[in-house]
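S.K.: With the sequences and hints as input, model every part of the structure.
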Amino acid sequence: MAARDFWRRHENLYFAITNKKVIFGVVIFLSIMALSIVGPMITPYDYEEFAGPGYQRPSKTHWFGTTIMGRDVFTQVVYGLRSTLLVGFLAGTIASAIGLVVGFVSGFFSGRAPDEGLMMLTNMFMVLPSLALLIILSAYLPYRGIVTQSLIVAATAWPWTARAVRSQTLSLKSQEFVNLSRISAAPTFRIIREDIAANMFSYVFMVYILQFNGTILSSVGLEFLGLGPTRGISLGLVLQNAVNWNALHLGMWWWTIIPGLILTMLIVSLYFINTGLDEVFNPRLREL
Amino acid sequence: MAEVSKEPIISIENLTKIFSSGVFFREYTTAVKDVSFAMYPGTILSLIGESGSGKTTIGRMMLKLLRPTSGSIYFHGKDIAQLRSRAERREYYRRVQGIFQDPFSSFNPLFRVDRVFDMVYDVFMPEVRDREARTREALMRVNLNPDRILSHFPHQLSGGQLQRLLIARALLMDVEILVADELISMLDASTRMGILNLLVDICRDTGMSVLFITHDLALGYYVSDYTMIMHQGRLVEQGATAEVYHNPVHPYTKMLFRSVPDIGRRWDPKEKFIPEQVTMEIDEFYAENRGRGMVSVSPEHLVLMSVE
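For the record, the sequence lines run as chains R and Z.
Here the first sequence stands for residues 765 to 1052, where the numbers follow my numbering.
Here the second sequence stands for residues 21 to 328, where the numbers follow my numbering.
Careful, some of the hints might be misleading.
Derived pair list, reagent style DSS-like, types lysine-lysine, alpha-carbon separation capped at 30 Å [claimed, not checked]:
| id | chain 1 | residue 1 | chain 2 | residue 2 |
| --- | --- | --- | --- | --- |
| 1 | Z | K84 | Z | K98 |
| 2 | Z | K53 | Z | K274 |
| 3 | R | K937 | Z | K274 |
| 4 | Z | K84 | Z | K26 |
| 5 | Z | K53 | R | K937 |
| 6 | Z | K98 | Z | K53 |
Covered stretches of chain Z (chain R as the covering partner; in silico rule of three or more C-beta atoms under 8 Å from a C-beta of chain R) [claimed, not checked]:
| id | region |
| --- | --- |
| 7 | 35 to 43 |
| 8 | 124 to 133 |
| 9 | 136 to 149 |
| 10 | 227 to 240 |
I should point out that these hints are in silico values taken from the structure, not numbers from a laboratory.
Everything numeric in this text was worked out from a predicted model, so none of it was measured.
For each residue, glycine too, the CB sits at the ideal point set by N, CA and C.
M.R.: What follows is the structure in structure tokens.
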């Protein structure tokens, strides 16, 4: 009985852990996370170390093979995964936070000065050619670490979130159920939690996943162009090196395909989580 | 017939609401202009007017969802703008409730429909033990089968069912004033009569009074003791329903009654309807009666003769 009570109160959780898409996405995402955490601990090499003879196919000693210079690809990938996930996390958080605050404030003050001002700013950022700006910004900075890179990526990633959150806030504001709660003299806290935040939360959550995804992709893009962090390793850098050394032409598929595949799986798993959660949060989409 | 001798429950004086929008080029829209009326116990007051005439805005100001630009609303002699603390507001909403126009957006899509009842119990009557039984009874009264309604999500129910749920919610509370905005717009003819009769019965029994906001003249006549006609934010004519319906004075009211389709009367291709003509008639009417303002043509019948 107690268990049934628990699930009644936490319906969303129940639907989340029984949704196939969510399970599939979470399992892949967690395995990749685990790889990035455990990988560096179990690998005997360092990512810059010349670990063995170059041009080795995947084998027992070098699981993902070695590069032309004899560095261990597995070590590079797991270390790279760490920093890529970190950039995604940092930049995704920054971009979502900026977008949320800007969107919520301008939606709340719709039609008044703060709204006009913030939307003008958002529109300006929206029409900036973001890749060009990213390249210029990155090239201008002599030293770039993970944090700098996250900031650069986040600076161009937030505008769509601001717009989306603003329109969500606007549509929530005009919903009668907020008014019905008000005339029910419901505590303001309850109105904010159940009528505003609950309707907003799923949205915010998905925005965050999409931002996480988007910022990973754009930072990998930058790294691929050689504008990534000046020190350390990341998935984009592994791919860039592979391309610079003509890995594909030399038939070293393990150097390009494996990191690319892991990146793709990461992005795909997040998309699966996203669509699955959409069904969880929106009762209309649930498979009944 | 209204019992004018009694104290009004709610009285509204010179209520005006002006909406503004835009930052650089401010635009003002006057939704409600200088509206005064009072509501007495056990009466049904219908507020009739075309779309955009400000009916809903008046209802919203009475429910404290919008702040009047000027003028005040007195509830038992107390200005409701002064009710600020949560306890005061709770006390007010215990007595004054509303039903909104759009039943679809009146429910939070993430929760089961039971939530609207739970909220009422949580806030106004936490002492009630037999919640379920009471809710079921209220649902039966509005012709709903509780088993088919409770613990469903709003998107699984029809507009008419949701609207009746809101009526049931108001019934649960036993209020003094009910602001019913287009109350039965989503109901079919058969349920409509049942609900209207129920409403009238409750008014007779409990002394609840209803502000019945509608654009349907026939409905207004059927239920209300008092009728108010609204045009472009102003109350142009108000009075006992029979008076207003049988002896309309204001040109806008006259036009309204002319345009009601009767059963048995067919559309006539030769007849012309020109909206500008009404506006012109109203302007002429105001010009002829310059300076007279709101005039009482009989003890229970007020007409707006001119605007300043």
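S.K.: Please go over all the hints and tell whether each is borne out by the structure.
M.R.: Hints and how they fare:
1. Z:K84 x Z:K98: holds (14 Å)
2. Z:K53 x Z:K274: Answer holds: Z:K53 to Z:K274 is near 21 Å, not above 30 Å.
3. R:K937 x Z:K274: Violated. R:K937 to Z:K274 sits at ~38 Å, over the 30 Å cutoff.
4. Z:K84 x Z:K26: holds (25 Å)
5. Z:K53 x R:K937: holds (25 Å)
6. Z:K98 x Z:K53: holds (22 Å)
7. 35 to 43: Our answer is that it holds, as 3 residues pass the Cβ test (under 8 Å) against chain R, meeting three.
8. 124 to 133: holds (count 7)
9. 136 to 149: n = 6 at 8 Å, threshold three: holds.
10. 227 to 240: violated (count 0)
The earlier numbered hints that this structure contradicts are 3, 10.
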